[in-house]
Amino acid sequence: MARTLILAFEPSEAVSLTGFAAQLQQPFDVIFLTGQAPADIGAERVFVANLDQVAPADATAKGVLSLCEGYSHIASVSSMRSKDILARLASLLGGAMVTDVVSVESNTVYKRPILAGSVIATVEVLQTPVVLTVRPAGFSPVSGNDSASEAVTISSESVVTVVSQTSRGGLRPDLTRAKVIVSGGRPLKDSETFERIVGGLADRLGGAVGATRAAVDAGIAGNELQVGQTGKIVAPELYIAAGISGSTQHMAGIKDSKLIVAINKDPDAPIFQVADLGLVADLYDAVPALQALIGS
Amino acid sequence: MKILVPIKRVVDPYAKVRPSADGSGLDTAGLKFEINPFDEIAIEEAVRLRERNGDIEIIVLSIGTSESEEQLRKALAMGADRAILVETSEVYDSPSIADELAAQVNEIRPDLILMGKQATDDDANQAGQMLAALLDYPQATFASKLTVQGSVALVTRETDSGEECLELPLPAVITTDLRLNEPRYIALPGIIKARSKPLDRRPPTNAPKLRTRITRYELAPTRSAGVKVNSVDELYQALKSKGVV
Ligand SMILES: Cc1cc2nc3c(=O)[nH]c(=O)nc-3n(C[C@H](O)[C@H](O)[C@H](O)COP(=O)(O)OP(=O)(O)OC[C@H]3O[C@@H](n4cnc5c(N)ncnc54)[C@H](O)[C@@H]3O)c2cc1C
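Protein chains in written order, with our numbering: chain A, 2 to 297; chain B, 23 to 267.
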């Protein structure tokens, strides 16, 4: 019973959770819902479902339910999709749930941020099994030998019809795994300006693009780019914030960045209280100028 | 058609909340409390649906102490028809909230449950999905657009990589995201006027069965201010010396 099951919606998610799984000090297995299994993550059993696409939450939660039997811990990387599906799964299992785990104190005690990341709560789990979504930034991946993979079938019969899907990933790295992120806020005016200024510098650095809620609400950037309390949580080596005031909600998403650079024309902007390097300047001058220097 | 909107009273999302001195709780003395912003979006959406589709009864429900009456009154002022306060001073976690909501749904029998995707205090993002599981209803989380035609809901929902459009048979649970709407502003006189709308108090159906418990609160480590550079050149040199460009 003391055994962990990692649910990997994307193949790379399994690797990001090996460090977390190791801290539980019990054997772990992994289910790859889509894609092929990477080798050497130390899983005792490797299940491959080979789905073309993950079905809506009602179907997927039901579909993986029987595979969760016999596990004390079921974990995924924190994402909108994992929260959608795993919370439903936790309820079907009659289990407990902890979202956005940032540290493991013991197999029944975890830490997670609350109140837009301003407070850390220690959560004690009172029920088995426990379903967890984990923020990988706090856990270093470990490697080990895998067993051969076994095929599993996950039914995807849903009462919900998927009418359409838009994926705006593009060629840039994924925000949650990017080493460099350039983000822009409200002053970027429109999506063309945002793309030219913020996207331009990001591409020069081989990085991803992020945005504040204000920029997303205004239609300047896509919703999948929102960083913060209710958007994506990022942890790059370099985070460049251009025209971002530094609200608590935005900071909640960028606290784990190694180096934060702020470019803002207001010397009193709160972002300067947390930035490692601050430049008081108009972003329309400073960002293209920085891009030009990096190019040379 | 009946829409149920469960709402939570939360501390002002813009306030600085600190753990109490012994770390056993949160110090919220003197701070304002509000409707969880995502729940407010849910109320607004229910009201807009009624404005478009007509003939919809909107019921708001909160599980909590009598203090939550303040938030229920505001929801009534926004346009809800009646309110239910499941009055309790017990501590709940998301699964036990879902349990109680499921019991209430079995009595109220709404066609649609619209609720926030997460509460800005615990940031858990669980209750809606758990409620949908308990009721065996379909769910659409993170909704940014909603239309209802007959017994079908069309939902555009935000995803990790963009968005998708789902068609759900009702009854269903839909959780709201920021882009769904901008809630209307309600001035104090509106809230006072809504006092004549019914607010029913009832005890919880069952005592909460906790699956998790918070044992300690601590301030998150904060970052401190670094240095200000004076020019783009200086910024570039600093980045170069740190080896990140
Ligand atoms: C429930 C809830 C959830 C939320 N979730 C999130 C979230 O996940 N992520 C998030 O980001 N926000 C979130 N917010 C919103 C958050 O509170 C802020 O409103 C938002 O982050 C502000 O975005 P901004 O910094 O782009 O805009 P503003 O606060 O308006 O800041 C713009 C900044 O740009 C500067 N500026 C203007 N022009 C220029 C120029 N030409 N050159 C340089 N600088 C310039 C200004 O000095 C200012 O500091 C949430 C809010 C709530 C209530």
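It should be emphasised that the hints constitute simulated quantities derived from the structure, not laboratory data. A portion of the hints provided could be inaccurate.
Stated by the list, open to error - Examples of chain A residues lying across from chain B (beta carbon under 8 Å, computed):
id	residue
1	R82
2	G96
3	P114
4	E151
5	T167
6	N224
7	L260
Said to hold, decoys possible - With a straight-line cut-off of 35 Å between C-alpha atoms, the simulated DSBU-like cross-links for lysine-lysine are:
id	chain 1	residue 1	chain 2	residue 2
8	B	K38	A	K112
9	B	K24	B	K54
10	A	K180	A	K112
11	B	K54	B	K262
12	B	K24	B	K262
13	A	K180	B	K167
14	B	K262	A	K180
15	B	K54	B	K38
16	B	K24	B	K219
17	A	K112	B	K219
18	A	K259	B	K219
19	B	K24	A	K63
20	A	K266	B	K38
21	B	K231	A	K180
22	A	K266	B	K54
23	A	K256	B	K250
Just so it is clear, the structure is predicted and the values come from calculations on it, not from any experiment. Just so you know, even glycine gets a beta-carbon here, dropped at the ideal spot from N, CA and C.
Hints, verified against the model:
| no. | hint | in the structure |
| --- | --- | --- |
| 1 | R82 | holds (6 Å) |
| 2 | G96 | holds (7 Å) |
| 3 | P114 | holds (6 Å) |
| 4 | E151 | violated (27 Å) |
| 5 | T167 | holds (4 Å) |
| 6 | N224 | holds (5 Å) |
| 7 | L260 | holds (6 Å) |
| 8 | K38(B) - K112(A) | holds (20 Å) |
| 9 | K24(B) - K54(B) | holds (31 Å) |
| 10 | K180(A) - K112(A) | holds (25 Å) |
| 11 | K54(B) - K262(B) | violated (46 Å) |
| 12 | K24(B) - K262(B) | violated (61 Å) |
| 13 | K180(A) - K167(B) | holds (33 Å) |
| 14 | K262(B) - K180(A) | holds (15 Å) |
| 15 | K54(B) - K38(B) | holds (11 Å) |
| 16 | K24(B) - K219(B) | holds (17 Å) |
| 17 | K112(A) - K219(B) | violated (42 Å) |
| 18 | K259(A) - K219(B) | violated (53 Å) |
| 19 | K24(B) - K63(A) | holds (28 Å) |
| 20 | K266(A) - K38(B) | holds (25 Å) |
| 21 | K231(B) - K180(A) | violated (43 Å) |
| 22 | K266(A) - K54(B) | holds (31 Å) |
| 23 | K256(A) - K250(B) | holds (19 Å) |
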